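**Q** Now for the letters of each chain:
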Amino acid sequence: MATTDKTLTKGGEFLIKETLAQDIFIPEEWTEEQKMIAQTCVDFLEAEVNPNLDRIDSQEEGLMESLMNKAGELGLLGVSVPEVYGGFGKDFNSSMLVTEKVGAGHSFAVALSAHTGIGTLPILYYGNEEQKAKYIPKLASGEWKAAYCLTEPNAGSDANSGKTKAKLSEDGKHYIINGQKMWITNAGFADVFTVFAKIDDDENLSAFIIEKSFGGITMNPEEHKMGIKGSSTRQVFFNDCKVPVENLLSERQNGFKIAVNILNIGRIKLCASAIGACKEVTSKAINYSNERIQFNIPISKYGAIRYKLAEMATKIWCTEAAAYRAGQNIDDAYDALVAGGMDSGKAKLKSTEQYAVECAVLKVYGSETLDYVVDEGVQIYGGMGYSAEAPMDRAYRDARINRIFEGTNEINRLLTVDMMLKRAMKGELDLMTPAMNVAKELMEIPDFGAEDDGFFAKEKKALLNLKKATLMVAGSAVQKFMMTLAKEQEILMNIADMASLVYIAESALLRAEKLASIHSEAEVALQIDMARVYLHESLDKAYIQGKEAINSFAEGDEQRMMLMGLRRFTKIEPMNLKEARQRIAKKLIEENKYCF
Amino acid sequence: MKILVCISNVPDTTTKVSFNNNNTEFNTNGVQFILNPYDEIALARAIELTEGGKGTVTVINVGLVDTEPTIRKALAIGADDAIRINAAPSDSYFVAKQLAEVAKSGGYDIIMCGRESIDYNGAQVPSMLAEVLDYPSISLIKKIEFTGNEAQIDREIEGGKEVITVSTPFVVSTAEGVAEPKIPNMRGIMSARTKPLQVVEPVAVETLSSFTSFEMPTPRGNVKLISADEPAKLVEALNAEAKVI
Chain A
20 MATTDKTLTK
30 GGEFLIKETL
40 AQDIFIPEEW
50 TEEQKMIAQT
60 CVDFLEAEVN
70 PNLDRIDSQE
80 EGLMESLMNK
90 AGELGLLGVS
100 VPEVYGGFGK
110 DFNSSMLVTE
120 KVGAGHSFAV
130 ALSAHTGIGT
140 LPILYYGNEE
150 QKAKYIPKLA
160 SGEWKAAYCL
170 TEPNAGSDAN
180 SGKTKAKLSE
190 DGKHYIINGQ
200 KMWITNAGFA
210 DVFTVFAKID
220 DDENLSAFII
230 EKSFGGITMN
240 PEEHKMGIKG
250 SSTRQVFFND
260 CKVPVENLLS
270 ERQNGFKIAV
280 NILNIGRIKL
290 CASAIGACKE
300 VTSKAINYSN
310 ERIQFNIPIS
320 KYGAIRYKLA
330 EMATKIWCTE
340 AAAYRAGQNI
350 DDAYDALVAG
360 GMDSGKAKLK
370 STEQYAVECA
380 VLKVYGSETL
390 DYVVDEGVQI
400 YGGMGYSAEA
410 PMDRAYRDAR
420 INRIFEGTNE
430 INRLLTVDMM
440 LKRAMKGELD
450 LMTPAMNVAK
460 ELMEIPDFGA
470 EDDGFFAKEK
480 KALLNLKKAT
490 LMVAGSAVQK
500 FMMTLAKEQE
510 ILMNIADMAS
520 LVYIAESALL
530 RAEKLASIHS
540 EAEVALQIDM
550 ARVYLHESLD
560 KAYIQGKEAI
570 NSFAEGDEQR
580 MMLMGLRRFT
590 KIEPMNLKEA
600 RQRIAKKLIE
610 ENKYCF
Chain B
73 MKILVCISNV
83 PDTTTKVSFN
93 NNNTEFNTNG
103 VQFILNPYDE
113 IALARAIELT
123 EGGKGTVTVI
133 NVGLVDTEPT
143 IRKALAIGAD
153 DAIRINAAPS
163 DSYFVAKQLA
173 EVAKSGGYDI
183 IMCGRESIDY
193 NGAQVPSMLA
203 EVLDYPSISL
213 IKKIEFTGNE
223 AQIDREIEGG
233 KEVITVSTPF
243 VVSTAEGVAE
253 PKIPNMRGIM
263 SARTKPLQVV
273 EPVAVETLSS
283 FTSFEMPTPR
293 GNVKLISADE
303 PAKLVEALNA
313 EAKVI
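Sequences listed follow chains A and B, in order. Quick note: the first sequence uses this note's numbering, first residue 20, plus one each step. Quick note: the second sequence uses this note's numbering, first residue 73, plus one each step.
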């Protein structure tokens with residue numbers, strides 16, 4: 020893809036700047052090679068995973084490892100690993116696409132993502148040359164499987180409070196690790212563990228590469244979980260585990276930074292994985308609604324069901340627009356950093372860190388879109404949805420973990436606002452000028468000027484106003500609470516949701532606009548419908564979030580003025596959403612699958 | 073050993089079929105095209121037979137430029153090189169004649185085809201091709217092994233199995249079971265772009281047939297469920313509605 024004449028929008032800037040449709044990547048632009056890679060993932064799931072879902076969930080001895088080995092033979096474990104370490108050197112968005120396609124694979128998807136993400140990336144991005152040469156080729160091929168040990172019984176969201184200790188041996192050749200780690204994905208069959216521990220009385224964590232063969236590692240039996248039952252999840256105990264000093268990853272006390280940066284990547288990838296699961300579930304629900312006859316007609320003929328199908332597809336399509344837009348931003352930022360002379364590993368981390376706000380937004384909205392989709396999937400299946408004999412049962416249970424791992428959605432909402440405000444304080448993101456402009460605009464007579472009638476003119480204006488609404492609420496909250504805003508979690512959640520709605524709605528509008536510039540408007544009428552429906556819904560949702568926030572900290576004239584402003588900024592000319600959803604659903608029903 | 077595998081570019085199995093131009097032309101609008109699944113089986117066996125430096129596999133397709141993604145898929149699966157004969161495949165005779173023209177000078181030991189393409193299901197090309205080339209033709213093979221330049225082939229026949237020995241060159245069409253289709257791996261996908269894909273122009277071939285029209289099958293009737301406790305209702309329905317008794 021040509022990137023030369025593109026305007027690069029920095030992370031978090033979506034709230035204050037306009038992005039041009041031509042500057043974003045849309046999934047309709049996948050290359051032939053990327054499509055072929057995606058098809059390989061689909062074929063692999065069909066051949067090896069889908070026929071064995073029950074066996075996988077019963078944790079049949081050796082089955083998950085053999086599936087991982089087969090995925091390794093196909094090269095799926097090394098897609099974005101550089102070729103020099105035995106991988107295929109593909110860009111970030113290609114690895115997102117693989118994650119999406121494998122994302123329909125239930126527990127297998129979790130095992131694969133944990134291995135290729137949190138299992139492989141800490142060594143790839145923070146390891147020294149010897150460490151990378153020793154471990155990465157084996158991880159990329161699947162010869163060795165990887166796990167990541169951060170969480171402890173009393174250190175979940177507050178990861179840096181972990182109690183696991185590392186002490187240098189008397190001869191200075193080893194670190195002796197002692198401690199307990201919990202919820203460790205792939206623990207049962209992993210050969211290599213990235214383990215976070217504090218050296219002596221350090222304030223911050225350090226990271227270590229630990230091979231199972233080092234000894235001193237014991238495990239509890241498999242956890243009994245609500246879903247992803249086929250994914251190996253165990254407690255791991257380190258009892259005087261002797262780790263050669265050369266297996267310290269990066270520098271002493273750099274572990275928490277590693278953990279945080281790797282999680283950024285994990286978060287956006289989780290969104291991709293959720294999109295894959297969403298599409299699979301939606302296709303099944305559409306098919307079922309076409310086959311299930313009640314009162315002599317298929318239930319897909321009923322408006323109540325059509326509403327659900329259209330909503331499922333709309334949420335998926337819009338979230339997908341945002342996920343790959345951000346993925347391309349990361350790729351572009353990486354290219355720019357490497358062109359500027361930065362080392363590849365560092366550039367990978369830096370580029371993802373730049374878009375950490377978007378990663379957090381996508382983690383939340385990807386997982387919540389999936390939960391919406393599986394919930395309606397169960398509902399469309401009716402009684403059969405509640406039966407363990409039908410596919411919705413597994414999809415429903417497996418989805419739920421996504422709102423918890425890779426940082427709970429609550430932590431990610433807090434982070435969304437926190438990261439933006441920190442960037443504003445550092446002068447990296449100018450939130451204050453536009454926020455003050457909005458405050459000024461509130462005092463002025465509303466603009467009743469002539470409407471521009473260009474493509475999406477009304478929608479673009481509404482989106483600009485949605486940004487104003489968000490800046491107004493966020494700006495006043497900052498002024499009101501100053502340093503204590505961090506403690507006002509309810510308000511931070513409101514602001515995070517408003518900002519996220521901006522990001523997803525904008526991405527959807529840009530995707531539809533770019534499509535309309537490539538094809539005719541008539542050809543992409545349904546995509547335009549989806550972008551519009553999502554925007555209209557976002558405006559209403561943002562109004563509720565904004566009102567809650569304003570009413571919690573403003574009073575009297577200020578409150579009245581802000582509520583009036585909020586109403587003005589979340590207004591759009593009405594459209595018949597019912598008819599738009601009917602059109603979207605009609606296409607889904609005709610195609611008998613998710614087809615956008 | 074040189075193997076030529078003939079491949080077709082066909083609509084995906086989930087395609088909603090419709091027709092254009094007064095029902096004389098398949099409507100390709102919005103249709104996803106794939107490598108013919110039966111040809112994938114032939115290709116998989118060809119790759120197995122030549123593995124370990126025992127030979128090369130060339131894939132050949134009669135099609136316009138839009139079939140190249142399908143050809144590259146075959147290269148990604150493991151074919152060594154490809155030939156595209158630059159013409160729209162109008163009927164089996166046309167395709168067989170075009171294939172023969174290229175095959176006759178290629179020095180291929182075996183020419184393999186899938187049993188049929190899943191779009192028009194003619195199952196005629198392999199035999200026509202063998203006839204034009206004057207090669208032995210063995211259809212619907214279940215198994216093929218090699219000793220020297222002789223192949224041992226199993227064919228399934230009604231109630232049993234036929235075992236055939238044949239010397240190269242020859243043409244076979246493969247049935248299911250001759251091999252498992254191969255999923256292209258990352259290395260194959262990435263090398264597909266750099267493998268040779270030669271485009272040759274078609275030769276003049278007389279048109280022997282043309283499509284007069286296509287018809288869709290009549291839609292399936294609704295199923296009526298009658299409780300097992302009410303046999304009288306069943307009899308009445310069979311008599312009065314279905315009019316079969």
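I should point out that these hints are in silico values taken from the structure, not numbers from a laboratory. Keep in mind the model is a prediction, meaning the values are calculated, not measured. One should not assume that every hint holds.
[Claimed, not checked] In silico BS3-like links for lysine-lysine, alpha-carbon gap of 25 Å or less:
#	chain 1	residue 1	chain 2	residue 2
1	B	Lys169	A	Lys605
2	B	Lys88	A	Lys606
3	A	Lys303	B	Lys88
4	B	Lys254	A	Lys89
5	B	Lys214	A	Lys612
6	A	Lys54	B	Lys296
7	A	Lys560	A	Lys506
8	A	Lys320	B	Lys296
**Q** Any hints this thing doesn't respect? Which numbers, in order?
**A** Hints 1, 5 and 6 are the ones this structure does not satisfy, whereas the remaining hints hold.
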